[in-house]
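Asks: Using the sequences and the hints given, assemble the complete structure.
If you read the protein sequences in the order shown, they are chains A and B.
Sequence positions in the first sequence follow this note's numbering and run 1 to 310.
Sequence positions in the second sequence follow this note's numbering and run 1 to 365.
In short, the hints are calculated from the structure, not lab data.
Predicted model only: the values in this text are computed from it and were never measured.
Please note that a few of the clues may not be correct.
[Unchecked claim] Computed list of lysine-lysine pairs in PhoX-like fashion (alpha-carbon distance at most 25 angstroms, straight line): (1) A:Lys74 x A:Lys176; (2) A:Lys100 x B:Lys15; (3) B:Lys198 x A:Lys103.
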Amino acid sequence: MLETIKLSKTFKEKKAVDEIDMYLDEGESVGLLGPNGAGKSTTISMISSLLKPSSGDVKLNGLSTIKNPSEIRKVLGVVPQEIALYEELSAYENLKFFGKIYKVKKDILEERIQEVLEMVGLKERQKELVKTFSGGMKRRVNIAAALLHKPKILILDEPTVGIDPQSRNHILETVKKLNEETGMTILYTSHYMEEVEQLCNRVYIMDHGRVVASGSKQELLSILSTEDTIQVQLSKKSDALLEAIKGMAAVRQVEDTNHGIRVISKKGSNILADLVHAAENVGTQITHFQMEDPSLEDVFLHLTGKTLRD
Amino acid sequence: MYPVFLAQWMKDKRKPYLILLFIGLSILATIIFGDIDRIEQTTVAVYSTESNAEELEQKWMELLGHHDSIEFVWMDQEKAHAEVLEGNSDVALQIMENDYRIITANEMPGVFIVNQHVHQVFTEEAKLVAAAGTNSTTELRNEVGEYLKTPPITIQTKSLDGGELANHDMGMQLLFGFTLFIAMFTIGFKVNGITADKVSGIWNRLILSPVSKTNMYIGHLFYSFCVAFFQMMVVFLIFKYVLDYELGNFAMIVTIAAAFTLSMISVAMLITGFVKTPEQFYMVYPSLIPMIPVVSGVYMQPGTITNPILQFIADIFPLSHGVEAMMDVALYNAGWNDILLPIVIMLLIGVLAMGIGINIVERKK
Ligand SMILES: Nc1ncnc2c1ncn2[C@@H]1O[C@H](COP(=O)(O)OP(=O)(O)O)[C@@H](O)[C@H]1O
Ligand SMILES: [Mg+2]
Chain A
1 MLETIKLSKT
11 FKEKKAVDEI
21 DMYLDEGESV
31 GLLGPNGAGK
41 STTISMISSL
51 LKPSSGDVKL
61 NGLSTIKNPS
71 EIRKVLGVVP
81 QEIALYEELS
91 AYENLKFFGK
101 IYKVKKDILE
111 ERIQEVLEMV
121 GLKERQKELV
131 KTFSGGMKRR
141 VNIAAALLHK
151 PKILILDEPT
161 VGIDPQSRNH
171 ILETVKKLNE
181 ETGMTILYTS
191 HYMEEVEQLC
201 NRVYIMDHGR
211 VVASGSKQEL
221 LSILSTEDTI
231 QVQLSKKSDA
241 LLEAIKGMAA
251 VRQVEDTNHG
261 IRVISKKGSN
271 ILADLVHAAE
281 NVGTQITHFQ
291 MEDPSLEDVF
301 LHLTGKTLRD
Chain B
1 MYPVFLAQWM
11 KDKRKPYLIL
21 LFIGLSILAT
31 IIFGDIDRIE
41 QTTVAVYSTE
51 SNAEELEQKW
61 MELLGHHDSI
71 EFVWMDQEKA
81 HAEVLEGNSD
91 VALQIMENDY
101 RIITANEMPG
111 VFIVNQHVHQ
121 VFTEEAKLVA
131 AAGTNSTTEL
141 RNEVGEYLKT
151 PPITIQTKSL
161 DGGELANHDM
171 GMQLLFGFTL
181 FIAMFTIGFK
191 VNGITADKVS
201 GIWNRLILSP
211 VSKTNMYIGH
221 LFYSFCVAFF
231 QMMVVFLIFK
241 YVLDYELGNF
251 AMIVTIAAAF
261 TLSMISVAML
271 ITGFVKTPEQ
281 FYMVYPSLIP
291 MIPVVSGVYM
301 QPGTITNPIL
311 QFIADIFPLS
321 HGVEAMMDVA
331 LYNAGWNDIL
341 LPIVIMLLIG
351 VLAMGIGINI
361 VERKK
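Replies: Pasting the structure below:
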C-alpha cells in the first residue's frame with residue numbers, strides 16, 4: 001500500500017538517504033533498523049510528506065504523494081522522534097488539542113481520548129501536566145497523540161529512546177496490539193535490534209543512508225546460515241585452550257567472553273567432541289555449553305562490520 | 001485556527017505572571033518617570049572657565065532665563081561640580097564663548113529637557129550672530145523683536161475645540177511610550193511560540209493535520225495580538241479611570257493600539273525569521289527592542305532627535321508612529337483624519353514585515 005522508489009535526500013553535499021526502495025503491505029509490521037545517523041528519520045520525514053525528497057518518489061496505493069500529500073496525511077499517524085507535546089498542558093489537554101487539530105468529530109473526541117489513554121496506560125494520570133511526567137510517560141503520550149484519528153499506517157521514530165524498561169515494554173506491547181488487534185500497518189524505527197526482532201515481520205537494515213539488507217527475520221538470518229555459534233562455560237579459564245581451539249580446522253572465530261568462550265564454526269561441523277577433548281587436555285572442564293542462534297545483531301555486524309551502538 | 005489559539009491560551013492561563021508583571025511595569029515606569037516635568041524646578045548650576053566669564057554670565061544668564069521649570073544659578077566651577085555630584089542639581093552647564101557643555105551624573109529625562117532648552121537658546125543666538133555678522137546681537141535681537149510685534153503674517157495655533165494649545169506633556173508621552181514599548185516584549189514572546197512549536201515538533205504534527213498552514217499562523221498571531229492588546233488596554237484603562245489621565249478620544253487610542261499591535265507582530269515575525277531556536281530569539285529580541293524607543297525619541301521632547309539615520313530607523317518601526325498618533329489624540333484632540341496616516345503607515349510596515357518574515361521562516365526549512 002505504501003512504497004518508496006529510489007528515495008534520496010541530499011543535505012548540502014551530504015547524502016543522508018541514498019536511493020531507498022521500501023514497501024509496506026497492509027497489516028504488516030515492518031522494522032527500520034540502523035545506527036544513529038543512518039538516515040532513518042530523514043526517510044520517515046520524506047515518507048510522511050514533511051520533507052521534500054531530492055529525488056525518488058513515495059507512492060500510496062500506486063499514486064505519488066509528493067505533489068499531493070493530502071491523501072497520505074489522512075491515513076498516516078506519525079510519532080516523531082522528539083516529544084512533540086505542550087509540556088505546560090496536561091496529557092488530556094494535549095490530546096484534546098491534537099484531536100481537534102485532526103478534526104476528530106466532537107461527539108466522539110472524548111471517547112477517543114479515553115481510548116488512546118487506555119492504550120498507553122495513562123488514563124489515571126491524564127490530568128497531570130506533561131512536564132511532570134517521566135521520559136517514558138511522555139513518550140507514551142507522544143504515541144497516543146498520533147493515534148487519535150485512527151490512522152491506517154503508524155510510523156514510529158525511535159519511540160523508546162532513553163526510557164526505563166517498563167515503559168519500553170509497555171510501548172512494545174501497545175504497538176504489537178495495535179498491529180495484531182486492529183490491523184494497523186506499522187513502520188517501526190529503532191536502533192535496538194531486539195525490539196525490531198520482537199515486533200516486526202519484516203526488517204530493513206539501513207546504514208549510511210542505504211538499505212544494506214532487507215527481508216523477514218528468517219531471510220536475514222539465512223545470510224549467516226553458514227555458521228554455528230557455540231557458547232562454552234569452563235570450570236577454569238585457559239589460554240592454552242583458546243589456542244588449541246583456534247587451531248581446529250572447522251573453527252572460524254574464537255572470542256573470550258565474560259562467561260567463558262564463544263566459538264563460531266562452520267555450520268554442521270559438530271566440533272563438540274573436539275572441544276571436550278581439548279578442554280581435558282589442558283586440565284579444565286566444560287561445565288556448560290549452548291548452541292546459540294545467530295541474532296540480527298550478528299547479521300548487522302556481518303553486513304557493516306560494526307555493532308549497532310546506542 | 002481556533003484550537004491553536006486555545007492551546008496557547010491554556011498554556012498561559014496557568015502562568016499569567018509575565019503579563020501581570022508587564023502591566024505593572026508599564027504603569028510603574030510611567031508614574032516614576034512620567035512625573036519628571038511636573039517637578040516644580042530643575043536647578044542648573046552654570047559656570048564658565050573663560051577669561052571673560054563675567055561678560056558671558058551677563059549675556060547667557062539673561063538669554064537662558066526664560067524657562068518656566070528650569071532655574072539657572074551662576075557659580076564657580078568647583079561648586080557647580082559639587083552640586084551635581086551631591087545631587088543638588090541634576091545638571092551643570094559650562095558656558096564657553098560660543099558653545100556649551102552639559103555635565104550630569106544621571107540619565108533622567110529631566111536632563112533632556114535642560115539639554116533641549118539650552119540647545120535652542122544657543123542655536124538661536126548662533127543664527128542671530130550669523131545674520132548680524134558680529135558678536136553683538138543685541139541690536140538685531142531687538143530689531144527682530146520689534147519686527148515680530150507687527151508681523152506680516154500671523155499664525156494662530158489653537159486646538160481643535162478652540163481652546164489654548166496644550167503644552168507638550170512629557171508624562172503623557174512616556175505613558176504611551178512605555179506601554180507600547182513593554183507591549184513589544186509581550187508580542188515578541190508570544191510570536192516566539194511559533195519557533196518553539198517548530199523546534200519541539202508540534203509544528204510538524206500540525207502540518208500533517210488537516211489544518212492549513214495559514215490557519216496555524218493565524219492562530220498563533222491572533223493570540224499574540226489578543227494578549228498584547230489586552231495588556232495595553234488594561235494599562236490605558238487604569239490610567240484613564242483610576243489615575244485620571246486625560247487620554248482623549250478613547251476609541252481612537254484603541255484603534256491606534258490595534259494597528260500598532262498588528263504592525264509590531266509582523267516585525268516580531270520578521271525577527272523570528274532570523275533565528276533558529278526560541279532561545280536565540282530570547283537573546284536577540286530583548287537586546288534589539290530597547291533601542292527602538294531610544295532612537296524613536298520616546299524618552300525625549302519631540303524634535304530632539306535630528307539625525308536623519310536615527311530618524312529613518314525610528315520610522316521603520318511602528319513605535320514612533322503609534323506614540324505620535326496617540327499623543328495627537330490625547331493632547332491635540334486630533335480627529336480620525338489626523339491619525340489615518342500613522343495608522344496606514346503602521347499597517348504598511350505590518351504587511352511588508354509579515355510578507356518578508358513568513359517568506360524567510362518558510363524558506364528556512
Ligand atoms: N536538516 C538537516 N540538514 C543537514 N543534515 C541533516 C539534516 N537532517 C539530518 N541530517 C544528516 O543526515 C544524516 C541522517 O540523519 P537522520 O535521518 O536523522 O538519521 P537517524 O534518524 O537514522 O539517526 C545525519 O548524518 C544527519 O547529520
Ligand atoms: Mg532519527
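Asks: Against each hint, give a clear statement of whether it holds in the structure.
Replies: Evaluation of the provided hints:
1. A:Lys74 x A:Lys176: holds, 22 angstroms
2. A:Lys100 x B:Lys15: Within the cut-off at roughly 24 angstroms; holds.
3. B:Lys198 x A:Lys103: With a Cα-Cα distance of about 21 angstroms, the restraint between B:Lys198 and A:Lys103 holds, given a limit of 25 angstroms.
Consistency note: the structure conflicts with none of the earlier hints.
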